[in-house]
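*Asks:* Okay, here's what each chain looks like letter by letter:
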Amino acid sequence: MAELKKERPIQLEISDLSMGFGGIQATRDVSFSVHEGEIYSIIGPNGAGKTTVFNCISGIYRPQEGSIRFQGREIVGMKPHKIAHLGIARAFQNIELFRGMTVLDNLMSARGFLLPYGLFRSALYLGKCVREEINARDAVEEVIEFLDLQLFRKTPVGGLSYGLQKRVELARAMAMNPRLLLVDEPVSGMNLEETEDMARYLLDINEEMNITVVLVEHDMGLVMDLSDRVTVLNFGIKIAEGPPREIGQNPEVIRAYLGEERIQGRS
Amino acid sequence: MGGNFKVSYREDMALFQTLWVKVWLSILILLLLLAPYLLSRYQLSILIEMGIAVIGALGLNLLTGYTGQISLGHGAFLAIGAYTSGLLTGKLGLPFFLSLPLSGLMAAGLGLIVGIPSLRLKGLYLALGTLAFGFIVEYILFHWDLTQGDMGMAVKRARLGDFVIKTEKAYFYFVMIFAAGAAICAKNLVRSKIGRCFVAIRDRDIAAEAMGIPLAKYKIMAFGISAFYGGIAGCLMAHYQRWIVPGSFDISLSIAYIAMIILGGLGTILGSVLGAILITGIPHWITYLTDVFKESYPALSGLIVDFKLGIFGLIIVLTLLFEPQGLFGIYRRVRLYWKTWPYKY
Numbered sequence: 001m002a003e004l005k006k007e008r009p010i011q012l013e014i015s016d017l018s019m020g021f022g023g024i025q026a027t028r029d030v031s032f033s034v035h036e037g038e039i040y041s042i043i044g045p046n047g048a049g050k051t052t053v054f055n056c057i058s059g060i061y062r063p064q065e066g067s068i069r070f071q072g073r074e075i076v077g078m079k080p081h082k083i084a085h086l087g088i089a090r091a092f093q094n095i096e097l098f099r100g101m102t103v104l105d106n107l108m109s110a111r112g113f114l115l116p117y118g119l120f121r122s123a124l125y126l127g128k129c130v131r132e133e134i135n136a137r138d139a140v141e142e143v144i145e146f147l148d149l150q151l152f153r154k155t156p157v158g159g160l161s162y163g164l165q166k167r168v169e170l171a172r173a174m175a176m177n178p179r180l181l182l183v184d185e186p187v188s189g190m191n192l193e194e195t196e197d198m199a200r201y202l203l204d205i206n207e208e209m210n211i212t213v214v215l216v217e218h219d220m221g222l223v224m225d226l227s228d229r230v231t232v233l234n235f236g237i238k239i240a241e242g243p244p245r246e247i248g249q250n251p252e253v254i255r256a257y258l259g260e261e262r263i264q265g266r267s
Numbered sequence: 001m002g003g004n005f006k007v008s009y010r011e012d013m014a015l016f017q018t019l020w021v022k023v024w025l026s027i028l029i030l031l032l033l034l035a036p037y038l039l040s041r042y043q044l045s046i047l048i049e050m051g052i053a054v055i056g057a058l059g060l061n062l063l064t065g066y067t068g069q070i071s072l073g074h075g076a077f078l079a080i081g082a083y084t085s086g087l088l089t090g091k092l093g094l095p096f097f098l099s100l101p102l103s104g105l106m107a108a109g110l111g112l113i114v115g116i117p118s119l120r121l122k123g124l125y126l127a128l129g130t131l132a133f134g135f136i137v138e139y140i141l142f143h144w145d146l147t148q149g150d151m152g153m154a155v156k157r158a159r160l161g162d163f164v165i166k167t168e169k170a171y172f173y174f175v176m177i178f179a180a181g182a183a184i185c186a187k188n189l190v191r192s193k194i195g196r197c198f199v200a201i202r203d204r205d206i207a208a209e210a211m212g213i214p215l216a217k218y219k220i221m222a223f224g225i226s227a228f229y230g231g232i233a234g235c236l237m238a239h240y241q242r243w244i245v246p247g248s249f250d251i252s253l254s255i256a257y258i259a260m261i262i263l264g265g266l267g268t269i270l271g272s273v274l275g276a277i278l279i280t281g282i283p284h285w286i287t288y289l290t291d292v293f294k295e296s297y298p299a300l301s302g303l304i305v306d307f308k309l310g311i312f313g314l315i316i317v318l319t320l321l322f323e324p325q326g327l328f329g330i331y332r333r334v335r336l337y338w339k340t341w342p343y344k345y
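Residue numbers (the UniProt record's numbering), protein chains in the order written: chain Z, 1 to 267; chain R, 1 to 345.
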C-alpha cells in the first residue's frame, strides 16, 4: 500500500524549516514531503516541535527559514485564511471550536469561504444567498452523517463531551472540503472505544474521500496502524523517517523515547 | 417536543420558525399600527425614542455581542449620523431621503477607519481606543464652526418628496418601519455567512482564520455595519428632535447603548430590541412613578427624583446579578417553560 502511494505526486513539500521563539529553537532544518492520498504521521516526545510544524503549515507562525510548498505553490508568508482557501484544513489539538455556536453552525462557518455571496445579499437573505446556504447545508449534512453527529446537530458545542468535541473539531475541518487535513492529536485523552472510532473516521476520510491526512499523535498504536509513513522529531530535529515498522525498530527513535541504552541496561 | 419537525433545509432556515412566533408577531404589528390612536403624544414620543434606540442597539450588538469587539464610541457614530444629515439637509439643501442613507454611509466610512486599530487591539485596549474616538468626535463637534458647538444646531423636518413628516404619528410609523427593517436585516446577517464569521471571530479568532475566515475583512466590516446602524439611528434622532447639541452624544450615550445590549442579551437580536426598550423606558417609568406619588407622598416622589440615576444603576446591577444572560435569558426560560407545560421537563 505504502509503496503504491509513493508513486503519487508530492502534495506537501517542506524543506529546511526552521522556527525559533527567542532563545528556543522549536524546529531546525526539518524537511519532509507528503504524497497525495497518504496518511503521514509526525511523532516525537513533548516539545519536539510537531505542533510548531503544523502552525507553520497553516500560516499561524511564519518560519524564519525554509519553504513549504503545497501542490507546487509556496505558502510561507501567506495569510492563514488564504492557506485555508487552498484546501488545507486543520483540526486543533486543544479544542478550538466556536463555543457559542451549535455543531451545525460550527460546520457551516468553516464552509463560509466557499459561499460566494456578499454583504447585501446576506442582509436581505434573498436569491443567491438562500440557494448557497441550502447547498452548503447539504454538504455539511454529509459531513455530519459521515461522522455520526446527527444527534447533536443543534447542540451548542460547549455542552458536548470531550470526545464528541474532538469529533466536531474533525468535522469542522472536513466541512471545508479540504485536499489536505492536518490533524493534531485527535485521540489525546480519549478512551479505547473513542480512539477506535476516531481511527475508523480518519481511515474513511483518507480512503473514501481521498484526502491526504497529516497526523500528529502520541498514541503509538494508532500511528503504527494508520500511517503510511512516519517522521520522528526530537528537539526540533528530524531523526528518522520511514514506514511505521522501520520506525519502531530504529535505535535512534527508541533512544529518543526511552532514553539512553545505558539507563535501560541499569534497570 | 412541541412536535415541530421540518422536512426541508429551507424550512429549517426560516426566519420565523413556528406558528406561534408568527401569531405573536402579527399581534405586535397590529398593536404598533393602532398605537398612535390609543396613546398620548407623550407616550408616542417614548415609543419613537425606543424605536431609534432599537436601531442603534442592533448595530452595537452586531459589533460587540456578535463579533466580540468592545466599542465605547457608539454614541459618536450616532453623532456623525445626526450631524451629517443635519448639515446635508440644512446647508446643502439635500432631500431627506438622500441624506438618511448618506448619514449612515458617512458613519460607516468612519467606522471602517475606527475598525482598523481593532486588527491589533483587543479587549480593554480596543475599548479605550473607541472611547478616544468618541472624545475626538465630541471635540470636533464642539469646536467646528459649522456645527455651532454648544449652541446646538437646528435640523429641518424630515420630508419625503412633498410629504413633510410633521406629526408624531407619521414619524412613529416612519421610525417603526426602519426599526423593523433594521431588525430583519440584522437577523438575516447573523443567520448567514456573515454572522457566522462574526461569531467565529468572537469565539476563537485563530481557529477562525485557519477555517478560511479573513479576520481583517470581517472585523472591519463589523465596525462598518455597526456604525451604519448608529448613523441611521442618529439621523432619525436628529430629524425627530430637530435640535442637536454635541452634549447629547457624549460618553453617557455610548454607555447607555452598552447597557442596552448587556441587559438585553449579548449576541442576540431579540435581546437588542428588549434592552433598547428597557433602557429607554426606565427614566420615563421613574418619572411616571414620581407623578403618581406626588399627590399622596410628596416626600417619596422627591426621593425618587434624587435617586433617579441610582435606581437606574440598581436595575442594571440587579439584572446582571440575577440574569447574566439578560432579558433574552428570561425569554428563553419562559419559552422553555411553556414548551413543556404542564410538565416540568
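Derived from the structure by calculation, the hints contain no laboratory data. Note that beta-carbon positions come from the ideal geometry of N, C-alpha and C, so glycine has one too. There may be inaccurate statements among the hints.
[Stated by the list, open to error] Cβ-Cβ distance ranges computed for the label pairs, FRET-style: (1) R:6 - Z:218: 50 to 58 Å; (2) Z:188 - R:181: 29 to 37 Å; (3) R:117 - Z:237: 34 to 42 Å; (4) R:18 - Z:65: 56 to 64 Å; (5) R:6 - Z:131: 15 to 23 Å; (6) Z:77 - R:164: 58 to 66 Å; (7) R:206 - Z:218: 16 to 24 Å; (8) R:18 - Z:120: 56 to 64 Å; (9) Z:65 - R:92: 33 to 41 Å; (10) Z:120 - R:294: 46 to 54 Å.
*Asks:* Next step is simple, just say for each hint if it's right about the structure.
*Replies:* Each hint tested on the structure:
Hint check: residue 6 of chain R to residue 218 of chain Z, Cβ distance near 43 Å, so the stated range 50 to 58 Å is violated. Separated by about 49 Å at the C-beta atoms, residue 188 of chain Z and residue 181 of chain R break the suggested range of 29 to 37 Å. The hinted window of 34 to 42 Å between residue 117 of chain R and residue 237 of chain Z holds, with their beta carbons roughly 41 Å apart. For residue 18 of chain R and residue 65 of chain Z, the Cβ-Cβ distance of about 59 Å falls inside the hinted range of 56 to 64 Å, so the restraint holds.
Distance hint for residue 6 of chain R and residue 131 of chain Z: a CB-CB separation of about 18 Å, consistent with the stated range 15 to 23 Å. About 59 Å separates the C-beta atoms of residue 77 of chain Z and residue 164 of chain R, a value consistent with the hinted range of 58 to 66 Å. Residue 206 of chain R and residue 218 of chain Z have their C-beta atoms about 22 Å apart, which keeps the hinted 16 to 24 Å range intact. Here the CB-CB span from residue 18 of chain R to residue 120 of chain Z is close to 29 Å, at odds with the stated 56 to 64 Å.
Between residue 65 of chain Z and residue 92 of chain R the beta carbons are some 59 Å apart, a value that contradicts the proposed interval 33 to 41 Å. Distance hint check: the CB atoms of residue 120 of chain Z and residue 294 of chain R are about 52 Å apart, consistent with the given range 46 to 54 Å.
Taken one by one, the earlier hints fail for this structure at numbers 1, 2, 8, 9, listed in ascending order.
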